[in-house]
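As you go down the protein sequences, you meet chains A, B, C and D in turn. When you number the first sequence by the working numbering, it's gap-free, plus one each residue, and the end is 275. When you number the second sequence by the working numbering, it's gap-free, plus one each residue, and the end is 275. When you number the third sequence by the working numbering, it's gap-free, plus one each residue, and the end is 275. When you number the fourth sequence by the working numbering, it's gap-free, plus one each residue, and the end is 275.
FYI, nobody ran anything at the bench for these hints, they're computed from the structure. Do not take every clue at face value.
Identical chains blur together in the list; that is why a pair holds if it fits in one copy or across any two.
[To be verified] In silico SDA-like links for lysine to any residue, alpha-carbon gap of 25 Å or less:
| id | residue 1 | residue 2 |
| --- | --- | --- |
| 1 | Lys119 | Phe101 |
| 2 | Lys149 | Glu246 |
| 3 | Lys79 | His100 |
| 4 | Lys102 | Asn194 |
| 5 | Lys8 | Leu200 |
| 6 | Lys63 | Gly25 |
| 7 | Lys201 | Val47 |
| 8 | Lys72 | Ser30 |
| 9 | Lys176 | Asn232 |
| 10 | Lys8 | Val48 |
| 11 | Lys79 | Glu261 |
| 12 | Lys72 | Glu143 |
| 13 | Lys270 | Leu237 |
| 14 | Lys8 | Val231 |
4 protein chains.
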Amino acid sequence: MVIVIQCKDGVGLVAAISSVLANAGYNIVSMREHVDLEENKFFARIVVAEISDPQNIEKAITKVLPADAIVKVNPLPEKKIVVLVTKEHHCLSDILTRNHFKTLGASVQCVIGNHPDLKSITERFEIPFHLVSHENKSRESYEAELMAKIVPYNPDYLILAKFMRVLSPEFIGSFKLKIINIHHSFLPAFSGANPYRQALKRGVKIIGATAHFVTDDLDEGPIITQKTISVNHSYILSDLIRAGRENETSALAKAMQLVFEDRVFVYNNKTVVFE
Amino acid sequence: MVIVIQCKDGVGLVAAISSVLANAGYNIVSMREHVDLEENKFFARIVVAEISDPQNIEKAITKVLPADAIVKVNPLPEKKIVVLVTKEHHCLSDILTRNHFKTLGASVQCVIGNHPDLKSITERFEIPFHLVSHENKSRESYEAELMAKIVPYNPDYLILAKFMRVLSPEFIGSFKLKIINIHHSFLPAFSGANPYRQALKRGVKIIGATAHFVTDDLDEGPIITQKTISVNHSYILSDLIRAGRENETSALAKAMQLVFEDRVFVYNNKTVVFE
Amino acid sequence: MVIVIQCKDGVGLVAAISSVLANAGYNIVSMREHVDLEENKFFARIVVAEISDPQNIEKAITKVLPADAIVKVNPLPEKKIVVLVTKEHHCLSDILTRNHFKTLGASVQCVIGNHPDLKSITERFEIPFHLVSHENKSRESYEAELMAKIVPYNPDYLILAKFMRVLSPEFIGSFKLKIINIHHSFLPAFSGANPYRQALKRGVKIIGATAHFVTDDLDEGPIITQKTISVNHSYILSDLIRAGRENETSALAKAMQLVFEDRVFVYNNKTVVFE
Amino acid sequence: MVIVIQCKDGVGLVAAISSVLANAGYNIVSMREHVDLEENKFFARIVVAEISDPQNIEKAITKVLPADAIVKVNPLPEKKIVVLVTKEHHCLSDILTRNHFKTLGASVQCVIGNHPDLKSITERFEIPFHLVSHENKSRESYEAELMAKIVPYNPDYLILAKFMRVLSPEFIGSFKLKIINIHHSFLPAFSGANPYRQALKRGVKIIGATAHFVTDDLDEGPIITQKTISVNHSYILSDLIRAGRENETSALAKAMQLVFEDRVFVYNNKTVVFE
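Chain A extracted, bound-state conformation (with noise of 0.2 Å):
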């Protein structure tokens, strides 16, 4: 079972919390402790083989903490998600089929698309697929209507699996620090339209993807995982995408492992991420 802290530094609070649990019978089997000296901020994560009290536990340390101290004691023990997608394939598809097989660590809701090309690919899985175009529609009547599917599926995270819209502060706001994005990224940077397009004519030797938390910046959030792939002259545009896409699946996935595991902590715009 896992226990999550966050909470300013002091001194003292790793024997605080351990008292705690030794006291209650409880044995650490893993535990990572982080201070970031610049910010006073600590984190743990802690690993106890089971806590037949998780709701006295999460209170008992609380109680020894600083006051903004936040503690979750298996939080979230089955995780629920919403998957947002556009017509690209590739992230949804690893995503389902490590559902369908118990691996992802969380349990897929529905999938919610701006085009139907994803619908059949999702329900060979059995898993809803909601259309919800954006197509002659206000961002705020289009994301009202995105809202009123997710809702009723009170999802844990939001994954946008390269889903090709941007959303409102506003929207982002109902979900804090629930939405993880795939980003591609590239060495040297290209922001802009057609990024490969662009990294083609630069000659780039690799090309990344960077899974994050969206913020209201859209790809300026908390990084979880960036992983990159050497490409060469040979590449021509296709080959390029699908090497980034290969990268971005594999990102992607990784960052839903670390963050269902409960191993993300965010704090100022980044992250610790025990692995």
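Since chain A is already given, all that's left is putting chains B, C and D on it; use the hints.
Okay, now just chains B, C and D, sitting in the frame of chain A:
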């Protein structure tokens, strides 16, 4: 013996080139060829066991190719380099030991620093070190001094091994596609001062390094190699910098090897690299 | 259109081949050539925009090459594969989704399992699944049954996607260099039963996967691709196995892409791979 | 200041340790803890900003732990090493330049070679070089001479930087878990003479390197780091060896950093590495 060829594309180029070699009785050991279809450019690197009459072969191949062809048989068989440095030793140390053990593929003529810090390590290897300080000098007079030191060595390449001065377009123009630089880079990329601090603040999970030819825009020339290295939240600033240095050393070493073995072709601000 | 050529080396081979193409008015888009000097073997992969008379070109090229030459113009344009599995789904799921979205480069004819576990996932994609149990059968009769299922599909390749049965030399001989297997592997390597447990005991820091053609000795055929992934002391057995699976999926996917794009040549139990 | 702890596991260890520190007014900056559940072993590495009374803290922590506990506060603050070499320079050059610029994390006392080849590079850095030839000597007398050279330096670690002699169990026993070796390794692995030639023959696509503590069986001690590098069919023997050397240098450098920063714990022929 290496033959490198670059020209506009056309039907029968490979046939024409290889006929010249076959008729002269030379057997191709290895051949790499690339056509950039969008740009209509042809590139080839051919290895032949040995060539007794390189100048004749060069002329004979040139004759069968389009007018813009650049053909070099056994280009720069013993490459000479001058290394420019500031204070950081990691790339220079690597270059000096490779040079000492004759595994660099080029011969270091001298090291020029705008600070004296790396004089001792250089001289330990019996390589001349010249201090050319930039202080209290206009860029023109500084670069004139640099040039005066460099020219007598008649180097084939200048290596900027963590040389922290920006060179003028005029200076760079005197060594067109003969200056190789190593540049840190990040996903997402940070420009401006103190990129490692920015990267730390942003919580990046990967840092990179790009070795490239220097053109007018210092960090934007044709990319030769890129390498990345994984980092995590436990890295403080000095750890990030250390990891970055390992990566820079490795990326510059690889780039030099590729260039010195005539595996790199430049066009339109990008490269073909026959690795 | 791809042309692949394999023969003993000699002077003027590239010239001869490219003359045939030039005379027929075909322009070479990309050419990869390799000579194994020790073995005196020549390999080439040529891409030409399109060829209207492939059979004529095949004959014309063959005529100008040594007697042992194997020349294929547009080999197996639509490759058909049969996939053999046991219980683990990771490689099969990846193959099925790639096949579904037509990014596999081959067409899955059927899946054959010696256990029924993967019937459901296969049929979700409207691909036939055949159960051929090995239980209570001699190897001969088991393989005869397998063969009877496979032959009607006339596959170009058999993919062993975590197929856990050892095949007889006779069976393998019927599909010479047409069977691709994925095999876990380690540094240092462990053979024998339960390699992941051995790796755990030994505290390895890297685990690998090797995709290879199957020859008589199951895990020792010509290597197509190898991938590695870093692990650490915090991995328990199930973590190691999960990491190994990700790596196997990725290595097999890459190997299939290379083979299906005719980039792999086999000789003397090793490969030339024009990546 | 680093505290390292290793003992059998039990309830409340972290609480006990951190209480000692908290009561003494020391704040934990960073803590890594690992329990091997199968082996019932506990490991911790704690960083505290500074400790004025290390011996008291060591005693106080030891008192609250199981009887088998090994506790070290600020272990070997200035580590001393002796480097053993034969003829290959790549690892030694890297060690000498790091040592020169004080980025090694240890101080090189001397270099001992069984050949004179690396005397010059060593002495360029004003480090003593001792030639201890193995020729015409029994292993016993050779090792006695080695020992006589090593002992006066009282080193914390011996680094075998491509030292090509096999050491006796007696010699190794005198430096229990204090000898670090770098060993090439392959997927699949080759033992026996000339592994690079075997790897070439087998057409491997990856070569590796393993840095490990030396125990009785030379290449089988607890693994500290492993690195791999991709190679391909175009590599001739000398290319493979060059790539292998880069990789060995990099793996050994990383292993030394980890050991010298007290991040490596050994038990049951394997390691816990808090990277």
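A quick look at each hint next to the structure:
| no. | hint | result |
| --- | --- | --- |
| 1 | Lys119 to Phe101 | both (20 Å within a copy, 13 Å between copies) |
| 2 | Lys149 to Glu246 | neither (29 Å within a copy, 33 Å between copies) |
| 3 | Lys79 to His100 | within (15 Å within a copy, 28 Å between copies) |
| 4 | Lys102 to Asn194 | between (35 Å within a copy, 23 Å between copies) |
| 5 | Lys8 to Leu200 | between (46 Å within a copy, 19 Å between copies) |
| 6 | Lys63 to Gly25 | both (18 Å within a copy, 20 Å between copies) |
| 7 | Lys201 to Val47 | between (48 Å within a copy, 22 Å between copies) |
| 8 | Lys72 to Ser30 | both (16 Å within a copy, 21 Å between copies) |
| 9 | Lys176 to Asn232 | between (39 Å within a copy, 23 Å between copies) |
| 10 | Lys8 to Val48 | both (23 Å within a copy, 17 Å between copies) |
| 11 | Lys79 to Glu261 | within (10 Å within a copy, 39 Å between copies) |
| 12 | Lys72 to Glu143 | neither (31 Å within a copy, 55 Å between copies) |
| 13 | Lys270 to Leu237 | between (32 Å within a copy, 15 Å between copies) |
| 14 | Lys8 to Val231 | between (43 Å within a copy, 24 Å between copies) |
Hints 2, 12 from the list above are not met by this structure, while the remaining hints are.
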